[in-house]
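Spelled out from the first residue to the last, the chains are:
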Amino acid sequence: MVSSRRRTTRKIYTGSRRRFLFPVSFLLLSFLLMILPLEGVVSSVKAVLSYVFIPQVRLAHGGVKYAQGVHQTVQELLNAHQENRRLKQQIEMDHLLTAQAETVFKENERLTEMLDLAPVSPWQGIWAKVAYREPSQWNTVIIDKGSADGVEERSAVLSVEQGQEGLAGVVVEVTENTSKVLLVRDEDFTAAVTLEKGQEEGLLIGGGTNAVRIKYIPLQAQVSKGDKVFTSSTSSIFPAGILVGKVRAVREDSSFQTAQTIEVDPLVRSAAVKELFVILKQEEQTPYVEDL
Amino acid sequence: MWKICKLMALFIVATVCHWGFATLFSYVGLSVNFMLVFAMAFCAVARLEIGYPVAFMCGLFLDFFGSKLFGNNAFSFTWVACVVYALRERIDFASILPQVVTVFFLTCAVGVVNSLLLMRFTSSSFWPGTVSLLGGAVVGALLAPIVFAVVRFVWVDLSADEHL
Numbered sequence: 660m661v662s663s664r665r666r667t668t669r670k671i672y673t674g675s676r677r678r679f680l681f682p683v684s685f686l687l688l689s690f691l692l693m694i695l696p697l698e699g700v701v702s703s704v705k706a707v708l709s710y711v712f713i714p715q716v717r718l719a720h721g722g723v724k725y726a727q728g729v730h731q732t733v734q735e736l737l738n739a740h741q742e743n744r745r746l747k748q749q750i751e752m753d754h755l756l757t758a759q760a761e762t763v764f765k766e767n768e769r770l771t772e773m774l775d776l777a778p779v780s781p782w783q784g785i786w787a788k789v790a791y792r793e794p795s796q797w798n799t800v801i802i803d804k805g806s807a808d809g810v811e812e813r814s815a816v817l818s819v820e821q822g823q824e825g826l827a828g829v830v831v832e833v834t835e836n837t838s839k840v841l842l843v844r845d846e847d848f849t850a851a852v853t854l855e856k857g858q859e860e861g862l863l864i865g866g867g868t869n870a871v872r873i874k875y876i877p878l879q880a881q882v883s884k885g886d887k888v889f890t891s892s893t894s895s896i897f898p899a900g901i902l903v904g905k906v907r908a909v910r911e912d913s914s915f916q917t918a919q920t921i922e923v924d925p926l927v928r929s930a931a932v933k934e935l936f937v938i939l940k941q942e943e944q945t946p947y948v949e950d951l
Numbered sequence: 313m314w315k316i317c318k319l320m321a322l323f324i325v326a327t328v329c330h331w332g333f334a335t336l337f338s339y340v341g342l343s344v345n346f347m348l349v350f351a352m353a354f355c356a357v358a359r360l361e362i363g364y365p366v367a368f369m370c371g372l373f374l375d376f377f378g379s380k381l382f383g384n385n386a387f388s389f390t391w392v393a394c395v396v397y398a399l400r401e402r403i404d405f406a407s408i409l410p411q412v413v414t415v416f417f418l419t420c421a422v423g424v425v426n427s428l429l430l431m432r433f434t435s436s437s438f439w440p441g442t443v444s445l446l447g448g449a450v451v452g453a454l455l456a457p458i459v460f461a462v463v464r465f466v467w468v469d470l471s472a473d474e475h476l
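If you read the protein sequences in the order shown, they are chains A and B.
Just so we're aligned, residue 660 is where the first sequence starts under the numbering used here, counting upward by one.
Just so we're aligned, residue 313 is where the second sequence starts under the numbering used here, counting upward by one.
In case anyone wonders, no lab produced these hints; they're calculated from the structure.
Among the hints, erroneous ones may be present.
[Claimed, not checked] Taking lysine to any residue and the SDA-like style, the derived pairs with C-alpha atoms no more than 20 Å apart in a straight line are:
id, chain 1, residue 1, chain 2, residue 2
1, B, Lys-380, A, Tyr-725
2, A, Lys-705, B, Ile-324
3, B, Lys-380, A, Gly-866
4, A, Lys-788, B, Val-340
5, A, Lys-933, A, Tyr-725
[Unchecked claim] If you want the footprint, here are the derived chain A segments under chain B, 3+ residues with CB under 8 Å:
id, stretch
6, 698-707
7, 712-722
8, 809-818
9, 852-863
10, 928-938
[What the hints assert, rightly or not] Far from chain B by the CB rule (all over 10 Å, computed), these chain A residues:
id, residue
11, Ile-694
12, Ala-726
13, Leu-737
14, Gln-749
15, Asp-753
16, Arg-769
17, Thr-868
18, Lys-905
19, Ala-908
The beta carbon of each residue, even a glycine, is placed where N, CA and C say it ideally should be.
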């Protein structure tokens, strides 16, 4: 009788000890992970995991595409006839435009040669799909193209929104089959930009949840709401002339400031990014690169 | 061995679903955390000796795919497991309403705690937005009955058949 009571007491004691020890030990461990400098180890494990989980990322992405595709396919079938007629007209127009563009291109080449100017190289790159987004952090996405496709770190990334190509971000991590892209809104993102009017240069800085800003614009620069912002020719990462967004507001200057700060609405919205165009370095083009 | 296989299968399916739902709902501006729903469902049916490590590993798994802070999801998932085990003694997680309510409130709480941890340890804020967080929590809560049922079936019912 006494021994069975002892056993029961011991069981209860062990159970409550476990109930206390398990959460405390795991909470302590996770807290240590947060405070310890583990960049090296974490990066290695990340690299291994990204290889291991590629099939799952692709499967998930395929599932999502299929789920979206059902609704779209039905819609497309309903509109197919009208769209076909419109596209035929557009193709005829495109033929005309191509002929005109070829003439202009040749003329430009001739003039560039006469004026001894450095020719502007066309953007060449590869289309990639967004394969993963973190639920709580949308300013970073993982795309389904990696070093095997010619993607390198610090490659510029574009996207098409509202029928216009715009700056989407920059590649910050590359594995063989995937890459991590830091989008324009991320607070770690920076780019040299110019304003449409006046050609003043400034530094674009992502704002995280706050507004994207351009710093170091001279006080005398005339900036108004709606002005377009393009990437600057002084940027070492981004080709010049890519649309970044439009001026949303010009901050009131305090008397001690020597430059204006401008708030910008990026053309490419982080939540809407689905396909991205990664600009590849010219000398390392893969055989299947596409033109934007 | 059979249990380990089942756990592995559940985990792999959960990661696929997590990626799928995170990508699908981010297009409409919602932040869905499927792994969290899975961790809660698992803790609702498994013993704490298995539930805590699984919840911790689910969080750690998300941490490996994060870019700013390492360990915040592991921390959040562990205290979520703690809450689920505490609630399990008072609430019957076999019925749908407790599942939905628990998942909704804990998802919101995890969003807040993650933002606070990021603010504290990285001096930056990653608030996904109130609408996005609440919307994601609603989607998670709506998915909860299915996830709880699947996890219960695979982890409890299949094992029960095994003992027959």
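Taking the hints in turn, this is what the structure says about them:
no., hint, result
1, B:Lys-380 with A:Tyr-725, "violated (31 Å)"
2, A:Lys-705 with B:Ile-324, "holds (17 Å)"
3, B:Lys-380 with A:Gly-866, "holds (15 Å)"
4, A:Lys-788 with B:Val-340, "holds (17 Å)"
5, A:Lys-933 with A:Tyr-725, "holds (14 Å)"
6, 698-707, "holds (count 3)"
7, 712-722, "holds (count 7)"
8, 809-818, "violated (count 0)"
9, 852-863, "violated (count 0)"
10, 928-938, "holds (count 3)"
11, Ile-694, "violated (7 Å)"
12, Ala-726, "violated (7 Å)"
13, Leu-737, "holds (22 Å)"
14, Gln-749, "holds (27 Å)"
15, Asp-753, "holds (30 Å)"
16, Arg-769, "holds (46 Å)"
17, Thr-868, "violated (5 Å)"
18, Lys-905, "holds (21 Å)"
19, Ala-908, "holds (20 Å)"
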